[in-house]
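Spelled out, the chains give:
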Amino acid sequence: MRRMLIVFTFILLTAALWLGLTKGSIEGPPANPDSPVRNIIYAHVPSSICSLLCFGVLFVAAIGVLSTGRQGWDQLAAATAEVGLVFATVLNLTGMIWSRAEWNTWWTASPRLISAAILWFLYVVLIILRSSLPGSTQRRARVCAVFAIIAFLDVPMVIISARFLPDIHRASFDFTSPWQYAAFFLSMIATVMLAGVLIALRTDLIRVNTLLEQEEY
Amino acid sequence: MRYFLTSLRAVFMKDIVTELRARQVLPTMVVLGMLIVWVLRIACETAAGSTAIIGPVAFWIAFLFAGLLAQERSFATEEQNDCMDGLLLAPIDAGTIYLAKLLVNIVMLCIFEIIIVPVVIIAFGLRIGGHWPSLIGVLLLGNIAISSVGTLFSAIVQLCRTRGSLLSILVLVVLAPVMVPATFALLLKFGAIPAELAGTGALAFVGTFKTAVGYMVVFDAVFVTASWLLFGFAIKE
Chain Z
1 MRRMLIVFTF ILLTAALWLG LTKGSIEGPP ANPDSPVRNI IYAHVPSSIC
51 SLLCFGVLFV AAIGVLSTGR QGWDQLAAAT AEVGLVFATV LNLTGMIWSR
101 AEWNTWWTAS PRLISAAILW FLYVVLIILR SSLPGSTQRR ARVCAVFAII
151 AFLDVPMVII SARFLPDIHR ASFDFTSPWQ YAAFFLSMIA TVMLAGVLIA
201 LRTDLIRVNT LLEQEEY
Chain L
1 MRYFLTSLRA VFMKDIVTEL RARQVLPTMV VLGMLIVWVL RIACETAAGS
51 TAIIGPVAFW IAFLFAGLLA QERSFATEEQ NDCMDGLLLA PIDAGTIYLA
101 KLLVNIVMLC IFEIIIVPVV IIAFGLRIGG HWPSLIGVLL LGNIAISSVG
151 TLFSAIVQLC RTRGSLLSIL VLVVLAPVMV PATFALLLKF GAIPAELAGT
201 GALAFVGTFK TAVGYMVVFD AVFVTASWLL FGFAIKE
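Chains as they are written, first to last, in my numbering: chain Z, 1 to 217; chain L, 1 to 237.
The set of hints was computed from the structure by calculation and includes no laboratory data.
Hints are supplied without guarantee of correctness; some may be wrong.
What the hints assert, rightly or not - The calculated label-pair distances, taken between Cβ atoms and stated as ranges, are:
1) Gly125(L) - Thr176(Z): 54 to 60 Å
2) Ile128(L) - Ser131(Z): 42 to 48 Å
3) Ser131(Z) - Asp82(L): 41 to 47 Å
4) Trp107(Z) - Tyr3(L): 48 to 54 Å
5) Asp82(L) - Leu205(Z): 36 to 42 Å
6) Glu215(Z) - Ala221(L): 43 to 49 Å
Stated by the list, open to error - Covered stretches of chain L, going by a simulated chain Z footprint (3 or more residues, C-beta under 8 Å):
7) 152–165
8) 220–228
Even glycine gets a Cβ: it sits at the ideal position worked out from N, Cα and C.
Using the sequences and the hints, build the whole thing.
The structure is reproduced here in structure tokens:
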């Protein structure tokens, strides 16, 4: 079942990539119409959604840790933080390439760019916190969960800034052909599925690791 | 309620008296703050007119780093002679311990601010005019924000080998969203930003002075409440 899901996710990803680069390809910025740079949107927007979704999962897992104390929640939280960091990194990197092509600067202090950077830092700090706490104890799980909840309270600001504040960054992109819509939604579904698959695989790996550690003692 | 106040006062007085008698960290805070201000003031010599911009920023840099010292101390002192166990064994709610420690950190930062604010104003030649009440209000709101998460994370990092460095990244990353409006509120108040620019670019985060202050109030309320509720989980063995 899981193997089927992985294969299906990769088929979807390939299809989205193919569609985005052929029929759904978007014309470049006015200064350079031949440039394929605007196709970045097919990776940028899905990864921004995924990095926010991961924070939601992380929050739920943190609540789970604090209310039940089960190790499974902690392993889910650890996996989600790592996957979230991957998507936040993709989000920031593709955003920087876009920014360079459209506004001729790698980074500028606009609300959305600031909040995306804060999101990335939150994930990094979460992972550092986990790795610098000793052992796989109950206490580490609880401490990480406490930090995850506090960090999650910063997230509404990211969403508010992406939707409501005046910004150089546009709130939505106007597609011109149905192929572009198709490529966009296909890549959106494929990326969210990829995030789910990655979290599941990573959770398993962490669980096996924990079992091995316990075996040694 | 009465019991809450008594226990709050007991923990608060214990920490304040220890600090005032031993003077463990306040002198260090003041010297660190003055050094930060002095270094930034030197950097200002490179460009004319930059004192008006760097000055208000210097407040927050000094408060953040001095605040880290105060917060790190607030639970590090409990490690000696297993004081933490005694504190946890006492018939007090964990939230009360948090509030007492938070108050101690706020008071320490206030004492620090009383010394450092005039230093910054003199060093950078800032003009305040009749804006004293709003300046004090913004500084106090920032003070509460810095102390709220700092006190919680101070308890968290007691488990680790690398306490101070870990505390600094935890606190700085969570405070980043509130430091943006805090900085721009002061820049607007000191007139470093022209009024017509308010609400554009990075300033869209904060808009006018009033929205920036509103943002800080919301941040303070949310984070003090959340830390108060979560503190029990952070210190439980």
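Status of the hints after comparison with the structure:
Separated by about 56 Å at the C-beta atoms, Gly125(L) and Thr176(Z) satisfy the suggested range of 54 to 60 Å. Ile128(L) and Ser131(Z) have their C-beta atoms about 46 Å apart, which keeps the hinted 42 to 48 Å range intact. Remark: the range hint 41 to 47 Å for Ser131(Z) to Asp82(L) is contradicted by a beta-carbon distance near 27 Å. Hint check: Trp107(Z) to Tyr3(L), Cβ distance near 53 Å, so the stated range 48 to 54 Å holds.
Checking the proposed 36 to 42 Å range against Asp82(L) and Leu205(Z) shows it holds: the Cβ atoms sit about 38 Å from each other. Between Glu215(Z) and Ala221(L) the Cβ separation comes to about 47 Å, which falls inside the hinted range of 43 to 49 Å. Counting residues of the region 152–165 of chain L whose beta-carbon sits less than 8 Å from any beta-carbon of chain Z gives 7, enough to reach three: the coverage restraint holds. Under the rule that three or more residues need a Cβ within less than 8 Å of chain Z, the assignment of the region 220–228 of chain L holds, with 4 such residues.
Against the hints set out earlier in the document, a violation occurs for number 3 only.
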